[in-house]
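The listed protein sequences derive, respectively, from chains A and B.
Per this note's numbering, the very first residue in the first sequence carries number 5; after that it's consecutive.
Per this note's numbering, the very first residue in the second sequence carries number 39; after that it's consecutive.
Please keep in mind that the hints were generated in silico from the structure rather than gathered at the bench.
Check before you lean on any hint, since a few could be wrong.
[To be verified] Below, computed lysine-lysine pairings styled on BS3-like, alpha-carbon distance capped at 25 Å: (1) A/210 with B/241; (2) B/235 with B/223; (3) B/235 with A/210; (4) A/135 with B/169; (5) B/169 with A/134.
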Amino acid sequence: MRTELLAPAGDLERAKIAVMYGADAVYFGAAQFSLRAKASNFSLDDIAQAADFAHRHGSKAYVTVNMIPHDSDFEGLEEYLKKLQRFGVDAIICASPAIMALCRQAAPGMEVHISTQQTTLNSPALAWWKKQGAERIVLGREVQYDDLCQIMKKAEVPVEVFIHGGMCANFSGRCTISNLLTNRDANRGGCAQSCRWNYHLYEGQKCLDREDYLLSMGSRDLCAADWLEALLKLDVASLKIEGRMKTAYYLANVIKAYRFLIDEYYNKGEISQTALAYGKQLLARVANRPTYNGFLGGISEESQIYNLPSQVSQNYVASVIAYRDGRGLLQTRNNYRQGDRLALMRPQGQDISFTVDQMVDEDGQQVPVANRPMQRLWVRLPAKADQYCFIKMSED
Amino acid sequence: MNIIVSLNDIENLVSAARFPISHLLIGDGHFSSDPLAKKRDQISRFIAEAHKLSLKVIIRVDRLYEEHELEALRDYLRFLNAERADGLLISDLAVAMLAEEEGLNLACLYAPETLLTNSSDVRQLLQSGMKGCVISKDIPLSAMKQIALNNPEGCWLRVYGPQLIAYSRRRFVELYLQDGREHPKNYFLQEESRPQKLPIIEKSTGSWLYGPCLQSLTEIKDIMTWPLHGIIFDGAFSADREVLQALRLHLEVLQGQLSAEEAAGQLPAQQAGYQALSAIRRTVMDKEDLA
Numbered sequence: 005m006r007t008e009l010l011a012p013a014g015d016l017e018r019a020k021i022a023v024m025y026g027a028d029a030v031y032f033g034a035a036q037f038s039l040r041a042k043a044s045n046f047s048l049d050d051i052a053q054a055a056d057f058a059h060r061h062g063s064k065a066y067v068t069v070n071m072i073p074h075d076s077d078f079e080g081l082e083e084y085l086k087k088l089q090r091f092g093v094d095a096i097i098c099a100s101p102a103i104m105a106l107c108r109q110a111a112p113g114m115e116v117h118i119s120t121q122q123t124t125l126n127s128p129a130l131a132w133w134k135k136q137g138a139e140r141i142v143l144g145r146e147v148q149y150d151d152l153c154q155i156m157k158k159a160e161v162p163v164e165v166f167i168h169g170g171m172c173a174n175f176s177g178r179c180t181i182s183n184l185l186t187n188r189d190a191n192r193g194g195c196a197q198s199c200r201w202n203y204h205l206y207e208g209q210k211c212l213d214r215e216d217y218l219l220s221m222g223s224r225d226l227c228a229a230d231w232l233e234a235l236l237k238l239d240v241a242s243l244k245i246e247g248r249m250k251t252a253y254y255l256a257n258v259i260k261a262y263r264f265l266i267d268e269y270y271n272k273g274e275i276s277q278t279a280l281a282y283g284k285q286l287l288a289r290v291a292n293r294p295t296y297n298g299f300l301g302g303i304s305e306e307s308q309i310y311n312l313p314s315q316v317s318q319n320y321v322a323s324v325i326a327y328r329d330g331r332g333l334l335q336t337r338n339n340y341r342q343g344d345r346l347a348l349m350r351p352q353g354q355d356i357s358f359t360v361d362q363m364v365d366e367d368g369q370q371v372p373v374a375n376r377p378m379q380r381l382w383v384r385l386p387a388k389a390d391q392y393c394f395i396k397m398s399e400d
Numbered sequence: 039m040n041i042i043v044s045l046n047d048i049e050n051l052v053s054a055a056r057f058p059i060s061h062l063l064i065g066d067g068h069f070s071s072d073p074l075a076k077k078r079d080q081i082s083r084f085i086a087e088a089h090k091l092s093l094k095v096i097i098r099v100d101r102l103y104e105e106h107e108l109e110a111l112r113d114y115l116r117f118l119n120a121e122r123a124d125g126l127l128i129s130d131l132a133v134a135m136l137a138e139e140e141g142l143n144l145a146c147l148y149a150p151e152t153l154l155t156n157s158s159d160v161r162q163l164l165q166s167g168m169k170g171c172v173i174s175k176d177i178p179l180s181a182m183k184q185i186a187l188n189n190p191e192g193c194w195l196r197v198y199g200p201q202l203i204a205y206s207r208r209r210f211v212e213l214y215l216q217d218g219r220e221h222p223k224n225y226f227l228q229e230e231s232r233p234q235k236l237p238i239i240e241k242s243t244g245s246w247l248y249g250p251c252l253q254s255l256t257e258i259k260d261i262m263t264w265p266l267h268g269i270i271f272d273g274a275f276s277a278d279r280e281v282l283q284a285l286r287l288h289l290e291v292l293q294g295q296l297s298a299e300e301a302a303g304q305l306p307a308q309q310a311g312y313q314a315l316s317a318i319r320r321t322v323m324d325k326e327d328l329a
């Protein structure tokens, strides 16, 4: 059994990107029953299309139904689950025993995966969920590698592990700071990320604030590339990328990096240092918070962000809207100009660098610089391209 | 109706037993969130003394546990069973599984703080063998009542005590101060634009962040008509005298000896302030919904 690479998608376009860049499975949700109220732009029709697209390319489609529901949230849920089954969705990811039971009764053709919102950290908890009928468990992000090894020896249900993306400061599902401070429900898709705000620290009445920054619970993001080979050796069922709110370009790079590294492992039996360096180079391209290895190596002093700035990348230059006669119609994301060295990034293969020789707008007028967001210009490309390609700054 | 009261000091056992309570809630240092923790011999004595006073004892085994802790946890559960503890307040489903595997006579009350927000999940958990479920405190009072009505005799409700709003494996204070210490009491976080101070308990096993202290003085008469299995006065890190004072005030309101307003004025001071159970609002999804 090969370990699955599972990627997120915030809309249909991103679901297609995820599949094209090598995700074995893609997960997404409709706003109503999902935990990313703002990230879910999937209509029922989009879900059907995404599942169909994934299947046609040999991938699977999972739908998140992972809110911690209130009584009223069950309205329409049974019909929704039946529709998901009709669309061919492979599994739902849920955090509620009742939703699991409802799915097994109303839509038994779909697997039920237990969300990380349940913070499953140990083998007896896995066994509890298996006994209730769960078919996969997404582990809590706090599981350390040594513990994971022991869990894998005892687990009688497939296990999914996060390898990349945002980390909750607190145990997922066990945090209602957002509820208290903003009245937005962390467990029903409204998390205001209040953990990332600044806090004064007191001992009694005595303020203990440092001079340089206030206390924040906000975590660095997870990047488990260094642990990937070890995780693959454990035969976990699935390695999961977080980030349903991330851009298509972010997803393409992150998925491509992990796809490359996983394929390297299965083709050569190991991930060489050279391959790892290339994969990490791909990961470093995309805008992100500072990263760390999560809890895999233990509880790290490097886990907190405090006032460290995000790494905002200007690397992404344009998306490809159309291709004709050797030229691509590019939609501008960051400035570029005639003479710049850019690169064409495609789902398969290495990037191809090229120099921008001529830029022409849709009226046929030559333009020396692309400096307006979403500006559309025809540019000669070094190879055939389609809507799944991106134009980025060249690294050569 | 059963009443659980948290207690830290065995010296207060007799005082507590003068109230019409049925259970005591205690915890040890390692396997619970309890910052004022008891060692095993103290737990044994606590259970024995409580039983002499016809009080049952619920043990707080309410952390989330890592795989490498399981053997120690299993051993601890065996110890509690041997000492004839009456039940466990749990937050990790693993505890229920281990108790079942070991054939222990320990009733599990599932109290994950945030996850029991609907009737159907509570029903599923009770059907799965859980002896009781503590309704989450982050839903409106009407929703709590509905869950109780739909699961008669299976539910417990926290009516008094600091509300846990976040639980983490990280140690935020220690990481911030870089002082290599535990911070089990008297530490607070205050969001930079808000006045309220939030108590934080930090031990080697993680951090527990609390919001305002819940009280149910206005609601207690109504709550006592619900088909609950019991109510809980859980002082968490509070001193026993404060919890017992709060219990007395709620009972006096219930018996008509004090008005809710009069009783509220006599509640022990709390750094994070108080929140009435009925003041918990229905939450929304995003900023637009707030408008």
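Against the structure, the hints:
Between residue 210 of chain A and residue 241 of chain B the alpha-carbon distance is near 20 Å, which keeps this suggested pair within the 25 Å criterion. With a C-alpha separation of about 13 Å, the suggested pairing of residue 235 of chain B with residue 223 of chain B holds against the 25 Å cut-off. Restraint check for residue 235 of chain B and residue 210 of chain A: the C-alpha separation of about 12 Å stays at or below 25 Å, so the hint holds. Straight-line distance between C-alpha atoms of residue 135 of chain A and residue 169 of chain B comes to about 17 Å, which keeps the hinted pair within the 25 Å bound.
Our distance criterion of 25 Å between C-alpha atoms is met by residue 169 of chain B and residue 134 of chain A, whose separation comes to about 20 Å.
The structure is consistent with each of the numbered hints, conforming to all of them.
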